[in-house]
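4 is the number of the first residue of the sequence shown in the working numbering; add one for each residue after it.
Simulated from the structure, these hints should not be mistaken for laboratory data.
Heads up, the beta-carbon is just placed ideally off N, CA and C, and yes, glycines get one too.
Watch out, some of these pointers could steer you wrong.
Claimed, not checked - Okay, derived cross-link-like pairs now, EDC-like style, lysine to aspartate or glutamate, Cα gap no bigger than 20 Å in a straight line: (1) 186 with 152; (2) 157 with 333; (3) 344 with 142; (4) 344 with 65; (5) 344 with 22; (6) 344 with 146; (7) 344 with 354; (8) 157 with 146; (9) 344 with 139; (10) 157 with 139; (11) 344 with 152; (12) 157 with 352; (13) 344 with 326; (14) 157 with 326.
What the hints assert, rightly or not - Restraint-style ranges between C-beta atoms, simulated for each label pair: (15) 292 with 220: 30 to 40 Å; (16) 101 with 159: 29 to 39 Å; (17) 316 with 226: 21 to 31 Å; (18) 376 with 163: 13 to 23 Å; (19) 278 with 167: 45 to 55 Å; (20) 77 with 278: 20 to 30 Å; (21) 90 with 229: 27 to 37 Å; (22) 167 with 214: 25 to 35 Å; (23) 292 with 330: 25 to 35 Å; (24) 384 with 227: 27 to 37 Å; (25) 166 with 292: 22 to 32 Å; (26) 166 with 316: 37 to 47 Å; (27) 327 with 229: 40 to 50 Å.
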Amino acid sequence: MKHRVQVAVGAQSRWLEIEADSIEAACVQAARGGARVLRVMPAGAAVAPARVRFAPGVFLQESVTLLRAGLNIVEVTETLHRKEADPGFREVLARLLARLRQGASFSAAMAAEAPLFPPVLVAGVAASETAGGLAETLERYLEYDGRIDQIRRKVFASAIYPLLLLVVGGGVILFLVGYVVPKFSTILGDSGRPVGMGTRALLWCGATLQAHPLIVGALLAGAAAGVAWMVTQPTGRFLLLRAASRVPVLAGILVNLGLSRFYRTLALLLQSGIPLVPALEMVRGVLGPVQADEVGQALLRLRSGQMLSESLAGTSMVPPIAESLLRVGERSGALAAMSDKLANFLDLELDRRVETFSRLFEPLLMTGIGLVIGAIVVLMYAPIFDLVGSVG
């Protein structure tokens with residue numbers, strides 16, 4: 004049976020077609036040539052995310068504890084498989100254990116479960132199998148994943164309140180225009196008095212919403228589905244990020260977020276023992292299209308003999324403090340440590356930018372919603388006040 008195997012050879016990643024009886028055998032054949040296996044699947048199969056209940060973070064934390072206790076990785080996987088009660092989790096552990104017993108390396112076994120284990124983790128584990136220190140590699144990845152998740156939660160939390168304001172404010176406006184305004188239109192129609200252009204437009208909107216509720220509901224459902232598509236699908240997220248990058252304040256936040264992930268991932272790979280050029284090739288996967296192109300150009304200069312700080316000079320990948328820290332890391336041989344310190348500095352800058360954006364955007368959003376609701380109320384009540392005044 005043919006299998007498609009994605010391998011990393013030096014700085015390049017490519018697909019191989021290997022004739023083998025099982026995925027484990029395909030991994031072993033691909034690894035014999037010195038390549039690092041990233042992904043394995045039957046030929047002709049489409050890459051699809053695994054729909055199993057599996058928490059890699061929990062598995063890695065438990066693995067580190069057992070490795071520190073003196074167990075090898077096969078014994079660790081056997082122990083975790085025996086104690087696990089969740090069927091989905093247990094199924095993944097059974098597949099990992101079967102591959103390990105057949106002679107596959109831990110990194111190859113993880114690569115066969117590519118949707119569950121990210122390439123950065125697989126590459127770090129593969130490097131640790133050569134240089135030693137699997138437990139330290141897993142601990143570094145857990146720390147890295149925790150920091151990335153912390154940044155993600157901060158950015159997500161800062162967006163929750165504005166989204167709630169938009170939903171609640173939009174609901175109030177729809178209620179006023181679709182329910183309250185038509186009630187007032189009856190009173191104004193019976194009075195026979197002329198109304199202003201703004202009030203006429205408001206009454207028309209109210210009558211339209213009341214006359215076509217199904218169309219309005221369909222439009223709202225379509226808008227909700229569009230938002231869900233942009234949030235959950237890669238193409239939608241790309242379009243959303245490209246639109247957000249055109250907003251000056253959001254562009255700075257997105258650039259800082261990309262730089263923080265770039266230097267933190269680079270530090271993790273270098274600490275795991277992966278050379279600089281292959282590490283940069285892998286880090287390009289966490290960047291946006293523009294930044295990935297800049298890193299690609301920097302790789303060409305790096306291969307020609309320039310230092311990393313010189314290769315990245317003049318790009319958006321080098322904030323003002325970065326060049327100095329990178330030069331110090333290159334001179335002292337501590338490039339990984341300096342990359343990690345730079346990521347910490349960028350995290351602080353990201354926190355400041357997110358906080359500034361929240362302090363500015365939330366009051367502006369509340370003011371905008373208040374102005375819209377206030378305008379609706381004024382346009383509704385102004386003719387009533389005129390009517391009461393004329394009667395008086």
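Q: With respect to the beta-carbon atoms only, verify the hint that residue 77 and residue 278 lie 20 to 30 Å apart.
A: holds, 29 Å
Q) Taking only the CA atoms, is the gap from residue 157 to residue 333 under or equal to 20 Å? A) violated, 32 Å
Q. Regarding the pair residue 186 and residue 152, is the alpha-carbon distance no greater than 20 Å?
A. With a Cα-Cα distance of about 50 Å, the restraint between residue 186 and residue 152 is violated, given a limit of 20 Å.
Q) Within a Cα-Cα threshold of 20 Å, do residue 344 and residue 22 meet the stated pairing? A) violated, 46 Å
Q: Hint says 27 to 37 Å; check whether the CB-CB distance for residue 384 and residue 227 agrees.
A: holds, 32 Å
Q: Decide if the proposed pair is consistent with the structure: residue 344 and residue 65, CA atoms, cutoff 20 Å inclusive.
A: Cα-Cα ~28 Å, so violated.
Q.
Please check whether residue 292 and residue 220 have a Cβ separation lying inside 30 to 40 Å.
A. About 37 Å separates the Cβ atoms of residue 292 and residue 220, which means 30 to 40 Å holds.
Q: Kindly confirm whether 40 to 50 Å is satisfied by the beta carbon distance between residue 327 and residue 229.
A: Given a distance of about 45 Å, which is inside 40 to 50 Å, the answer is holds.
Q. Does the alpha-carbon distance linking residue 157 and residue 146 stay inside the 20 Å limit?
A. holds, 17 Å
Q | 20 Å Cα cutoff - pair residue 157, residue 352 | A | Distance ~13 Å between residue 157 and residue 352 Cα, so the pair holds.
Q: May I ask you to test the hint 37 to 47 Å on the CB atoms belonging to residue 166 and residue 316?
A: holds, 39 Å
Q. Falls inside 22 to 32 Å, the C-beta gap from residue 166 to residue 292?
A. Hint holds: Cβ distance 26 Å, inside 22 to 32 Å.
In summary, the structure is inconsistent with hints 1, 2, 4, 5, 10, 14, 17 from the numbered list given earlier, while agreeing with the others.
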